[in-house]
Amino acid sequence: MNPLLFPLLATITIFVVAYAICAAQFPMMFSTRVAGNLLTDNAYLGIVAVGMTVVILSGGIDLSVGSVIAFSGVFIAVLLRDTGLHPLVVFGLLLIVTTLFGAAMGGLIHWLAMPPFIVTLAGMFLARGAAYMLTIESIPISHDFYSMLQKTYYLMPGKGRLTFIGVLMVLTVFVGMIVAHRTRYGASVFALGGGENTARLMGVNVRRTTVKIYAFSGFMSGLAGIVFSIYTGSGYPLAAVGTELTAIAVVVIGGTLLTGGAGFVFGTLVGVLTMGLIQTYIVFDGTLSSWWTKIVIGVLLLAFILLQKGLVYLSSRRQGSMA
Amino acid sequence: MKRTLKRIAPQLITLVVLAALVSWFFPSFLQIEVSNGRLVGPVIDILKRGAPVAILGVGMTLVVATGGIDLSVGTVMAIAGAVAAAALVNGLGVPAALLLAIAAGLAAGFWNGCLVAIFGIQPIVATLILMTAGRGIAQLITEGRILTFNEPGFAFFGSGNIAGIPVPAIMWVVTGILVAILMRRTALGLLIESIGINRRASALAGINARVIIIAVYMASGLCAALAGIITTADILGADANNAGLWLELDAILAVVIGGNSLLGGRFSIAATVLGAMIIQTIGTGILLAGFPSEYNLVIKAVLVLAILMIQSPHLVREWGAIRQKITGRRAARDQEVQP
Chain A
49 MNPLLFPLLA
59 TITIFVVAYA
69 ICAAQFPMMF
79 STRVAGNLLT
89 DNAYLGIVAV
99 GMTVVILSGG
109 IDLSVGSVIA
119 FSGVFIAVLL
129 RDTGLHPLVV
139 FGLLLIVTTL
149 FGAAMGGLIH
159 WLAMPPFIVT
169 LAGMFLARGA
179 AYMLTIESIP
189 ISHDFYSMLQ
199 KTYYLMPGKG
209 RLTFIGVLMV
219 LTVFVGMIVA
229 HRTRYGASVF
239 ALGGGENTAR
249 LMGVNVRRTT
259 VKIYAFSGFM
269 SGLAGIVFSI
279 YTGSGYPLAA
289 VGTELTAIAV
299 VVIGGTLLTG
309 GAGFVFGTLV
319 GVLTMGLIQT
329 YIVFDGTLSS
339 WWTKIVIGVL
349 LLAFILLQKG
359 LVYLSSRRQG
369 SMA
Chain B
1074 MKRTLKRIAP
1084 QLITLVVLAA
1094 LVSWFFPSFL
1104 QIEVSNGRLV
1114 GPVIDILKRG
1124 APVAILGVGM
1134 TLVVATGGID
1144 LSVGTVMAIA
1154 GAVAAAALVN
1164 GLGVPAALLL
1174 AIAAGLAAGF
1184 WNGCLVAIFG
1194 IQPIVATLIL
1204 MTAGRGIAQL
1214 ITEGRILTFN
1224 EPGFAFFGSG
1234 NIAGIPVPAI
1244 MWVVTGILVA
1254 ILMRRTALGL
1264 LIESIGINRR
1274 ASALAGINAR
1284 VIIIAVYMAS
1294 GLCAALAGII
1304 TTADILGADA
1314 NNAGLWLELD
1324 AILAVVIGGN
1334 SLLGGRFSIA
1344 ATVLGAMIIQ
1354 TIGTGILLAG
1364 FPSEYNLVIK
1374 AVLVLAILMI
1384 QSPHLVREWG
1394 AIRQKITGRR
1404 AARDQEVQP
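These protein sequences, in sequence, are chains A and B. Mapping the first sequence onto my numbering, position 135 (from 1) lands on 183, and the numbers just tick up by one. Mapping the second sequence onto my numbering, position 147 (from 1) lands on 1220, and the numbers just tick up by one.
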């Protein structure tokens, strides 16, 4: 069996075991209400993490996603407030803007041959600054279409609500899985992650793939921004601060190697659910202070990275002994 | 000395240009007065407020020079501040508080260094772990509140002054000079640079990369502790949530503006602290010139992109090719004229 599947299996196992432990202590956690809330509350994180997964699979990193989410919310709110455009038109405009922004970053990364870290860091400042320049305060969104989107849900047995954004996140994960594992573009991404020179020798168009990768991440950030604005009902320039790092943590917990070239988009979904589970447990417990969330996430991150390191080391040793 | 000046020339020029620009909007920018035995003026303000980023930048320069990065310095600031405040609130006295804070910073750096050097974890992720968990640890120490204390001996580090110059400004200058001397007068600077340029070759040459990498992260932790002491002393309280928030990005920015490559290798501490002052000048300058502070981020982004373009190897090569074409055409034309 592919040894790189181990981190994914470990993630799934840990999630199932953790859920079981939490449900043993709080039986109410085993309700569809909690499941529905889990999906809804972390919808934006899941969508942005799909984009981040693709970027990390290519060996890069995208620090601008949180700021693009904030910019998206503000952009939507300002346009809806100041013009009479229908939200769907605004969504379309926004997605074009964020995709182009991502593509520009990808182009710079390739053209300047600079580490993605610093280019996307500049992008993060730029997006956050653009959001500030549009507005400093929070702008509420009050459009009928929005209210309809917020109220759309499917009532599951047990009174749990499967909301529109929750379903959207799951759909996005499936789309991400298909794109990453079943298209030629996905194969190019994995190849890039394995090494830029080998990818070029393999015939991958490095420039085009790099631009497409960050454009994809920009698209996902925009989509996550739309979802976040539906979730909060407002546009706030200080939103989603630190989301990029949470997204990276989620991707790593989901079993994707940070050096790139190996990973599974499905693992990211499990990672998002795990993070949501920790927060739900803390809320249920009521006595644990919120900072334990951060400590637990840090510990989980460390555990998964050590696990990944160990597995890669073991698999390379096995290959060495076989050769 | 001449080589150092040549190295930091771009940063000096940028600083001068910035100062000129701000002075155009705010004519009394460069004025320094004496009031109550201390120097006051926008420039002194910049020197004082830029201290945490400058000190963080010194440690970050060393880490970046080995090819790594330290995302946890802001969090370590919060932890060190929380430790110092907790020590003071429990009546341990100023020297003990200082020592404990510095020890906390060194311990955090040791943790990061071990993860990177011994376990071989990528620096971004290794320091991300402490960055995530560290805020929780800091909040654990302060028990979720803002710990305040009233210790004039400690407050000296934030708001005191020596010979009229604010203590934070003196601290970053002294730290920068001491570290620079340590790097250039001993072999340490050479060893760090070689590890950053080619770790395998350094190992083959006999350099103990592990020890040096751990030491470098410990130095970064120490700098973060010093910066944390300054911020905590400044507000006479430890805010585990906000102390040092996102300052690591400003520190990395200072390192990049200072012309140090993020991929590791040759470094210049003077350039980094100048970069920190540039960042602070932008921030203060925007406020003084009357622009809304939202412009701060966009200008920082544009500046980073401009510097990246100048530093980019591709652009350097293309510029060389363009220059060659121009001079080649001229030489060919000259040859045609004189048959």
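No wet-lab data here; the hints were simulated from the structure. Check before you lean on any hint, since a few could be wrong.
Label-pair restraints from in silico Cβ distances [as the list claims (entries may be wrong)]:
| id | chain 1 | residue 1 | chain 2 | residue 2 | range |
| --- | --- | --- | --- | --- | --- |
| 1 | A | ARG255 | B | GLY1401 | 22 to 30 Å |
| 2 | A | MET196 | B | VAL1113 | 55 to 63 Å |
| 3 | B | GLY1393 | A | ARG255 | 16 to 24 Å |
| 4 | B | LEU1360 | A | LEU141 | 50 to 58 Å |
| 5 | B | LEU1360 | A | ASN50 | 51 to 59 Å |
| 6 | B | SER1108 | A | MET181 | 35 to 43 Å |
| 7 | A | ARG232 | B | ILE1254 | 30 to 38 Å |
| 8 | B | ILE1254 | A | THR307 | 55 to 63 Å |
| 9 | B | ASP1407 | A | LEU141 | 53 to 61 Å |
| 10 | A | ILE144 | B | ALA1260 | 19 to 27 Å |
To spell it out: a stretch of chain B is covered by chain A in this simulated footprint if at least three of its residues, at any positions, have a beta carbon under 8 Å from a beta carbon of chain A; those stretches are [claimed, not checked]:
| id | stretch |
| --- | --- |
| 11 | 1100-1110 |
| 12 | 1190-1197 |
| 13 | 1241-1251 |
Every value quoted in this text rests on a predicted model; they were computed, and no experiment measured them. Here a beta-carbon is modelled for each residue, glycine too, at the ideal position from N, C-alpha and C.
Structure-based check of each hint:
no., hint, result
1, A:ARG255 x B:GLY1401: 22 to 30 Å, "holds, 28 Å"
2, A:MET196 x B:VAL1113: 55 to 63 Å, "holds, 58 Å"
3, B:GLY1393 x A:ARG255: 16 to 24 Å, "holds, 21 Å"
4, B:LEU1360 x A:LEU141: 50 to 58 Å, "violated, 33 Å"
5, B:LEU1360 x A:ASN50: 51 to 59 Å, "holds, 56 Å"
6, B:SER1108 x A:MET181: 35 to 43 Å, "holds, 36 Å"
7, A:ARG232 x B:ILE1254: 30 to 38 Å, "violated, 56 Å"
8, B:ILE1254 x A:THR307: 55 to 63 Å, "violated, 37 Å"
9, B:ASP1407 x A:LEU141: 53 to 61 Å, "holds, 55 Å"
10, A:ILE144 x B:ALA1260: 19 to 27 Å, "violated, 55 Å"
11, 1100-1110, "violated (count 0)"
12, 1190-1197, "holds (count 5)"
13, 1241-1251, "violated (count 0)"
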